[in-house]
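Following the hints, complete the assembly by docking chain A onto the known chain Y.
The chain contents come next:
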Amino acid sequence: MNNYPSKIGMTALLLAAFGVIGSAYSQGDITIWDGVYSTEQATRGAVVYSDTCIACHGQDLGGNSNAPGLVGMGFMFLWEGRTLGAFFEKIREEMPTDRPGQLPLQNYLDVVAYIMQANSFPAGDEDLPRDVEALNGIAIASKS
Amino acid sequence: MREITQYCIGQLAGMERLFGTIDFPANKAMMVTDMTIHNCSVLKRLLLPLPLLLATFSASAQIEEFTPVTNEMLQQQPSGEWLSWRGNPSSWGYSPLDQINTDNVNQLQLKWSFALDDTGAVQAAPLIHDGIMFIPSARGVVQALDAATGDLLWEYRPAPPTEEFINSGAGTRAAVLPPGSFAGVGRGVQKNIALYGEMIYAATETASIRAIDVRSGLLVWETQVADPTLGYFYTAGPIIANGTLVTGITGCERYKDDVCFITGHDPLSGEEKWRTSTVARPDDPGGDSWGDLPLRFRAGSDAWVAGSYDPEANLIYWGTAQAKPWARAVRGSDGDALYTNSTLALNPDNGEMAWYFQHLPGETHDMDEVFENVLIDVEGQKSLFKMGKLGILWQLNRETGEFIKGTDIGYQTIVNLNPVTGQITYRDGMIPRIGEEINMCPSTSGFKSWRAMAYSPDTSAMYIPITLNCELATFGPTERQLGGGGTGPVRRVNYPHPESDGNLGELLALDIPSGEVKWRYRSRAPINTAALTTAGGLVFAGDWNRTMLALNADNGEVLWTVRLSTSNQGFPISYMVDGKQYVAMPAGTGGASWSGSLPNQLAPELSRPRNGSSINVFALPD
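Top to bottom, those sequences are chains Y and A. According to the working numbering, the first sequence is numbered sequentially starting from 1. According to the working numbering, the second sequence is numbered sequentially starting from 1.
Isolated chain Y (complex conformation) (with noise of 0.2 angstroms):
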């Protein structure tokens, strides 16, 4: 008799593991690394992060004192394990802190393509979905 659990139980130990700490997704969901955005998209948030997030966030995207990073470690630290719907609430709910969900809702997609693409999260061909439900299937996840 195998006293060791199967290979496949294993899994589903891991899986609902990973479920109870709180993941947003589960295997087989979509991640930032399967071309969720289009490079012309980004082009245009690059435009709007220019005009209305730059003076906090800062040029390359690093932040200062008052306002986060938005690439590298710190990116992932804040937002690894959730999904771009709840990342693009956040930005469309509090962001630019001075009118907070008053720019035009493609503005806010484009910015959030522009922060994917400083990130080296790949480009693929379409835009990202204008879908709230759908970008929370897209989940923020290191690269397996």
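To be clear, the hints were calculated from the coordinates, so they are not data collected in a lab. It should be emphasised that the depicted structure is a prediction, and the values quoted were computed from it without experimental measurement. Some hints could be false.
Restraint ranges, calculated between C-beta atoms of paired labels, are given here [stated by the list, open to error]: (1) A:67 to Y:73: 49 to 59 angstroms; (2) A:491 to Y:102: 18 to 28 angstroms; (3) A:285 to Y:106: 52 to 62 angstroms; (4) A:115 to Y:39: 32 to 42 angstroms.
Partial list, derived from the structure: chain Y residues whose beta carbon lies under 8 angstroms from chain A [stated by the list, open to error]: (5) 54; (6) 63; (7) 69; (8) 73; (9) 74; (10) 102.
All C-beta atoms, glycine included, are put in the ideal place defined by N, C-alpha and C.
This is chain A only, laid out in the frame that chain Y set:
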């Protein structure tokens, strides 16, 4: 006469920087020696083609009547004037005028209002001299207004830095704010300016200091103090101390092969006389307080709030900010990290440090102690009062730096204060580890901010703008490499302070020196301005939700309110012109957490207009 020559040549050099090379025959320099200081600007006008002048000045009325501001005037401010950012060099934020008082304040009327640029956060500290208001606002703009009528006399608008200038920096062009970007917080904000002789002094978003001719609004000289591409910039303006122009730099959160500092300059030429680091370098005394971290990883200690000056001791008092990254575990040292979160006493003639007092050694939660230094003689003790984000009111002996008293206003949950020694110790479990959530009051936004407290000698009380808040905070790692660093990321969940009754704002009156609570006024929105006290028995302040208030300084009763164009934001002042007392309150958009995430998240039913920065001036009916 030699000084005047240097002055005028300096003016012309400044013009060259603005407009390009001026074709200026060598023999003209001789002419300059015969000119009065006033005439330098006239000389420039003759030399410059008119279209160039029109390009930068939309208003250029000359100010004819102007008495040069002397050291004596700065030290003993004439009644009715407001010559330095907090009114007097002791930074009381107090006006000795009493025409407006507790009996008649309810009759205050708007006399004039003037819209300021909505190009960034306005947190202005206006100055008044000879019936003229000089007001700084975002992106380096300075305007001169008739203080009684609100007429614009001149305005100075800097040209954006050239590509050549940006590309000549040693760091990244990423650090320089593009023209047209909204300067919501940090770079591009201009809090205070200084007035001395016949010049306005401003410190810039590109880490330079400017001298502007007070009569014409023309640039006289501009001195580059640090390289903005390395991250350096100013938000605080200069002060004048014993004839020296002193300014503290900020933007020191990224790793670089240099550290934050305070400099002293010759006001006539801009020449740097001294530079004092606000961080102990590895081989300096106290250098081991950062462990074995090399210089490049000793970040922070920004000097982003202007200091105070005691002419008798001939010392300036300047605060320094927290170390960066904020958390010990992230910055890689649990040492004291001198001279972060300290009050420094410097000789303004040479920058030598007479003493320092480190309020929070090895600070590890973003609890800044950089704020204003209020100099009061209490019961024969020459004292300095200061409050940082934790809400501890410190009383130091300003001659020696010795601790006298500390009053914890009772809202914080992070440290214990030894009332005898002034030493703090962290409460159990309150030193953050990377990735582990802690529950702390205040949040990283602090109970206290740049919104300066004011002292009234009439009530012997301090009036302190407070915001109540707490946070679940998880500190995270950052890249330890040149150009990296910064504050470090924090996962933060703000929540209301348990003792706040749902209010974010508090104006707290503390008796001096006992520290006993005299009264509290609370508001749903953060108190978003400095406080102003007057001999009329009043304290003025304003909240984020546009309500400006006059309260009875004795008992906190609200005697008058008015709603402004947008958030009250900046430094209210009071002054007199032709026998009439005025109260001026700046309103502004932009700003950091107190005017952003805190009201947005914890008072979501409130909102403010996205535009509407202004200066608003009130007086009694004619």
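Item to check | residue 39 (chain Y) and residue 115 (chain A) - C-beta distance against the hinted 32 to 42 angstroms | outcome: Roughly 41 angstroms apart at Cβ, these two residues keep to the hinted range, so it holds.
Next on the checklist: Quick check on residue 54 (chain Y) please, does its C-beta sit within 8 angstroms of some C-beta on chain A?
Outcome noted: At about 5 angstroms, which falls below the 8 angstroms cut-off, the nearest Cβ of chain A leaves the hint on residue 54 (chain Y) intact, so it holds.
Item to check | Range agreement (Cβ of residue 73 (chain Y) with Cβ of residue 67 (chain A), hint 49 to 59 angstroms) | outcome: holds (56 angstroms)
Checklist entry - Lying within 18 to 28 angstroms: is that true of the beta-carbon distance residue 491 (chain A) to residue 102 (chain Y)? => result At roughly 26 angstroms between Cβ atoms, residue 102 (chain Y) and residue 491 (chain A) fall inside 18 to 28 angstroms, so the hint holds.
Checklist entry - residue 285 (chain A) and residue 106 (chain Y), beta-carbon distance inside 52 to 62 angstroms? => result Holds, at about 57 angstroms.
Checklist entry - If you take the shortest Cβ to Cβ gap from residue 63 (chain Y) to chain A, is it below 8 angstroms? => result This hint holds: residue 63 (chain Y) lies near chain A, its Cβ roughly 6 angstroms from the closest one there, short of 8 angstroms.
Checklist entry - If you take the shortest Cβ to Cβ gap from residue 69 (chain Y) to chain A, is it below 8 angstroms? => result holds (6 angstroms)
Item to check | Restraint check, 8 angstroms cut-off on beta carbons, for residue 73 (chain Y) near chain A | outcome: Cβ of residue 73 (chain Y) sits 5 angstroms from chain A, so the hint holds.
Checklist entry - Going by Cβ atoms only, is residue 74 (chain Y) closer than 8 angstroms to chain A? => result Since the shortest Cβ distance to chain A is 4 angstroms, the answer is holds.
Next on the checklist: Using the nearest Cβ pair, does residue 102 (chain Y) come within less than 8 angstroms of chain A?
Outcome noted: holds (6 angstroms)
The structure fails none of the hints (numbered hints given earlier).
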